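So the sequence lines, in the order shown, correspond to chains W, U and Y. According to the numbering used here, the residues represented by the first sequence are 1 to 204, in order. According to the numbering used here, the residues represented by the second sequence are 1 to 95, in order. According to the numbering used here, the residues represented by the third sequence are 1 to 536, in order.
Hints in this document: simulated from the structure, not taken from any laboratory. Since we're looking at a predicted model, the values are computed, not measured.
Below, simulated DSS-like cross-link-like pairs (lysine-lysine); rule was C-alpha separation at most 25 Å, straight line:
1. Y:LYS198 - Y:LYS507
2. W:LYS85 - U:LYS64
3. W:LYS17 - U:LYS68
4. Y:LYS110 - Y:LYS198
5. W:LYS88 - U:LYS11
6. Y:LYS116 - W:LYS168
7. Y:LYS110 - Y:LYS507
8. W:LYS85 - U:LYS13
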Amino acid sequence: MSNYAHIDEHRDDEGAKIGMWLFIFTELLLFGGLFIVYSVYRYINPEAFHLAAEELDTFTGTVNTVILLVSSMTIAMSISSIQYKNKKLTLILMGLTILLAAVFMVNKYFEWSGKISHGIYPGSPTLMEASQGEILFFGLYYAMTGLHALHIIIGVAFIAYVMRLVVKNEVQHDNFTILENSGLYWHLVDLIWIFLFPLFYLIT
Amino acid sequence: MEKEQHTHIVKYKTYIFVLIALLFMTFASVAITSINLGPYTVSAALLLASIKSILVLLIFMHLKFDKKFYGIMAASVFLLLACVIFITFLDYLYR
Amino acid sequence: MSDTVIQNHEPNYLEYKGRYKGIFAWIFSTDHKRIGLLYLYSMLVLFSVAAILGLLMKIELIAPGKTIMDAQTYNSFFTLHGITMIFLIVVPGLPAVFGNFFLPLMIGAKDVAFPKLNLLSWWIYILGAAVALSSQFFGDGPPDTGWTFYAPYSFRTGTNMLPAVTGAFILGFSSIATGINFIVTIHRMRAPGMTWMKMPLFPWALYSTSWIQVLATPIVGVTLLMIVLERTMQIGFFDPALGGDPILYQHLFWIYSHPAVYIMILPAMGVISEIIPTFARKTIFGYKAIVVSTLAIAFVGYFVWGHHMFTSGMSGTALYTFSILTFLVAIPSAIKIFNWVATLHKASIDIQTPFLWALCFLFVFMIGGLSGMVLGALSANVHLHDTAFVVAHFHFIVFGGTGYAFFGALHYWYPKMFGRMYDKGWANIGLAVFFTGFNTLYLPMFYLGMIGMPRRYYDYVEEFHGPNIVSSFGAMLMISGLVIIITNLVRSARKGEIAEADPWKGKTLEWTTASPPTLENFDEIPIVTKLPYDYE
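With the hints as extra help, turn the sequences into a complete structure.
Written out as structure tokens, the structure reads:
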């Protein structure tokens with residue numbers, strides 16, 4: 001009775017996947033809370049939300065949407081490629097996903113810093129003079145895209161960690177649940193953006 | 001038994017088609033919202049977003065190929081969120 | 001069959017030596033049984049602190065005017081009492097202690113699905129507790145908002161709100177981790193032959209609870225995060241001066257915190273459903289009805305949050321909807337009561353301490369539930385909102401429900417957990433003193449609320465004096481009862497007589513293994529062929 005790690009070694013792919021899905025549900029509802037806040041305030045201040053949304057650049061938003069959709073495809077493909085036992089392609093696809101995520105973040109950085117240099121940030125003097133609806137819109141904009149960006153960073157870290165496992169051959173064609181799970185997480189990030197994009201950039 | 005779920009390999013081609021569809025809908029929603037459709041703008045954009053998310057869930061997230069159980073769970077969670085939003089709006093709509 | 005396992009050569013989980021020594025063998029252990037005990041000890045410490053705070057508040061209320069503390073101290077006391085009791089004890093209580101310990105045992109598994117995550121969730125719990133309690137000791141004074149952190153006061157008050165809110169936020173992760181762990185464990189690790197409808201009722205209760213934990217906690221998480229942002233960055237989600245709606249905060253807060261009430265009570269009902277058939281020596285009446293009502297409570301309980309906000313200024317439509325839904329959720333709870341009582345009908349009952357706890361549970365839970373109906377009715381609620389009546393009601397449910405079930409579970413499973421039996425005489429005396437004190441404490445508060453005494457004030461007018469004296473006396477009696485109970489349990493852990501593997505002649509799987517169980521729980525994974533409460 002000295003093998004104290006024995007219970008931890010028990011492997012259950014299906015169980016790990018259910019666990020990941022449950023975690024994804026909690027993330028969805030985390031954003032769900034913010035979506036409730038958004039929809040209530042949009043309902044109360046339709047005019048102000050309309051005006052404020054025109055401040056955002058649809059082009060940047062569209063580019064970022066395209067980037068995330070493509071990165072979602074590459075990570076999905078990496079799962080197929082590991083099943084085809086193509087380790088090299090898997091790593092390339094995962095690396096591509098991380099690269100696209102980095103581009104997304106750079107875009108986001110320029111977008112945010114542009115807004116901030118125009119004096120639009122929570123608690124700024126310019127914003128305090130604006131209407132209440134606009135204060136709420138930009139408050140929500142920063143909170144929701146900020147929380148989303150945080151999830152991108154976590155997702156990148158997760159994928160990078162799994163990449164290391166692939167390199168070390170610890171993730172292979174018959175044992176890739178963790179790759180699947182990191183993919184699921186990444187799709188979640190995409191899924192949330194699919195709703196954030198029209199709500200902030202399009203509906204003007 | 002545990003390996004059964006992994007026998008299905010999604011073809012690269014499928015993913016590319018899905019991506020094209022997603023991109024098409026993205027541009028479509030940009031185009032639709034740039035014309036003034038009045039109150040229908042919001043519903044059009046949200047409808048397209050919902051179709052996009054269903055595609056992502058079914059193909060990218062493999063709900064279509066996994067056991068039904070996952071799909072049922074995901075659908076119930078979305079239904080729950082919808083109910084919660086609906087009940088919250090019972091307050092705001094009639095205040 | 002059960003007496004053979006006592007001759008076990010493997011060390012039990014208490015004596016087992018692993019990689020680490022001393023206290024590290026506990027705080028780094030991934031064994032679900034040790035983690036359960038870690039939770040138990042942490043909670044007993046926190047519970048004692050919070051109970052003493054409650055006692056001090058009651059002593060303050062023994063006479064009008066300032067008795068032992070001023071208004072601000074009283075405000076911070078009820079805030080800390082609430083935060084500790086709700087977020088640190090009652091919400092995680094039964095799942096984290098008894099769920100961790102007994103879920104794998106009852107479904108015939110060696111551990112939970114993710115043992116490391118399980119340990120992590122205890123560490124997050126300790127971190128959250130430390131952050132929340134740190135609000136007392138530095139900064140601009142202890143928080144004074146009550147445990148609900150209502151906006152806009154929660155970001156206007158000068159007191160030290162950030163650590164309290166952040167602590168509650170962190171605790172959410174612990175709760176979610178436990179929930180995910182239990183759902184996966186129940187789906188994947190039931191012993192061969194244990195179909196869903198052969199699963200005992202405590203695991204069923206944990207299953208519903210875990211779903212609520214997973215689906216409701218994130219909403220309060222993001223709400224608390226918004227309060228943090230509001231305080232630090234002036235974002236204005238709930239600040240009327242910036243266009244925010246404080247009532248929306250209440251909506252979001254109760255979207256979690258009402259289902260949280262069911263996180264508290266469902267496992268309690270699960271425990272009672274275990275204790276009653278064991279001592280009635282009879283199959284539980286209406287097993288399926290209990291399962292269905294458990295799921296129904298979890299589901300409908302998600303949509304009744306608005307009954308905490310009847311006087312907040314919601315629309316009429318919302319008021320009626322929430323009131324109707326509130327009445328609906330009482331039906332499945334009542335079904336359970338009938339099932340338990342029907343199980344006792346014509347049974348040859350073995351009266352032991354855990355059974356007495358279950359009986360007391362039925363008594364106080366009935367009072368709590370029926371007073372809940374009074375509060376669920378719109379017209380009565382407007383009169384009683386924020387009075388001592390509400391305080392009495394939720395203490396009858398939360399303390400009377402979950403608290404009684406917690407101590408009942410402790411007395412029921414104690415021989416299994418520690419391999420020793422407590423002194424039954426002292427346990428019964430403790431229960432008698434506690435039960436008398438409990439009712440003396442809270443029953444007068446129903447009356448006080450009806451004649452108009454508001455909650456959360458350190459002072460009151462002369463008319464309320466009489467019942468308050470009775471109530472404060474009850475508080476002291478109840479605390480003495482608790483002292484007797486806990487002293488008896490602590491003492492018996494070392495000195496009690498050795499317990500056999502199945503002292504109550506229970507039929508569920510945890511009784512088929514040794515007391516205390518070995519590290520691996522079962523020598524061989526059992527194969528289940530019978531229904532869980534097969535006493536025929």
